[in-house]
Amino acid sequence: MELDGSKVIAIGERDGIQGPAIAECAESAGADVVLLVTQCFV
Amino acid sequence: MDLGTQQHVLDTVQRHGAENIIVLLGAPDPAGAEMFALTLTEGDPTYAGPLAGVSLGLRVYHILESEVRQLVDPAVYADQVGIMALALDSDAIIAMMQHMRDGQA
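In the order they appear, the protein sequences are chains A and B.
Quick note: the first sequence uses numbering that gives the first Met the number 0, first residue 0, plus one each step.
Quick note: the second sequence uses numbering that gives the first Met the number 0, first residue 0, plus one each step.
Treat the hints with care, since some could be wrong.
Said to hold, decoys possible - Covered by chain B, per the in silico footprint, the following chain A stretches (three or more residues, Cβ under 8 Å): (1) 0-11; (2) 25-39.
Claimed, not checked - Derived Cβ-Cβ restraints for the label pairs, each shown as a range: (3) B:Asp1 with A:Val33: 15 to 23 Å; (4) A:Pro19 with B:Met34: 18 to 26 Å; (5) A:Gly29 with B:Ala51: 29 to 37 Å.
As the list claims (entries may be wrong) - Listed below are several chain B residues computed to face chain A (Cβ distance under 10 Å; list not exhaustive): (6) Arg14; (7) Ala32; (8) Ala51; (9) Leu57; (10) Ile62; (11) Val67; (12) Leu70; (13) Val71; (14) Asp78; (15) Met83; (16) Ala84; (17) Leu87; (18) Ile92; (19) Ile93.
Keep in mind the hints are simulated off the structure, nothing from the lab.
Ideal Cβ positions, reconstructed from N, Cα and C, are used throughout, including at glycine.
Let's have the full structure, built from the sequences with the hints guiding it.
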């Protein structure tokens with residue numbers, strides 16, 4: 000699995016790791032975040 | 000996965016191609032991770048949303064998995080994920096993700 004140069008969909012969850020946090024991580028690895036969401040099931 | 004997100008995922012995959020996309024999850028428990036992974040690979044198991052019957056076959060990982068963590072800037076990972084990695088049952092989530100991928104192999 001390689002993130003550098005990949006397109007990433009970041010699906011976070013409010014009670015877990017949220018979308019923006021996942022996106023920050025992915026971008027630091029060279030990925031292009033093409034969709035970012037944070038789910039909330041409350 | 001809520002219905003709006005399913006539509007956003009479908010639109011994004013149609014725009015960029017499933018083979019070019021990696022999904023990173025942040026679900027807080029193994030059951031949630033399983034539902035997301037199922038929906039993103041085989042289709043919506045509840046048959047309620049736009050991904051019902053749509054097998055996208057996406058590559059799906061959880062942000063807590065070592066395959067992901069080793070690729071991320073360590074300072075960014077510690078800042079963005081570190082505390083939650085300690086709070087959540089990481090081992091169980093990781094085991095579920097690996098089980099899901101093995102099941103598709």
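Subject >> Hints not upheld, ascending by number >> reply: When the structure is compared with the hints, numbers 8, 19 turn out to be violated.
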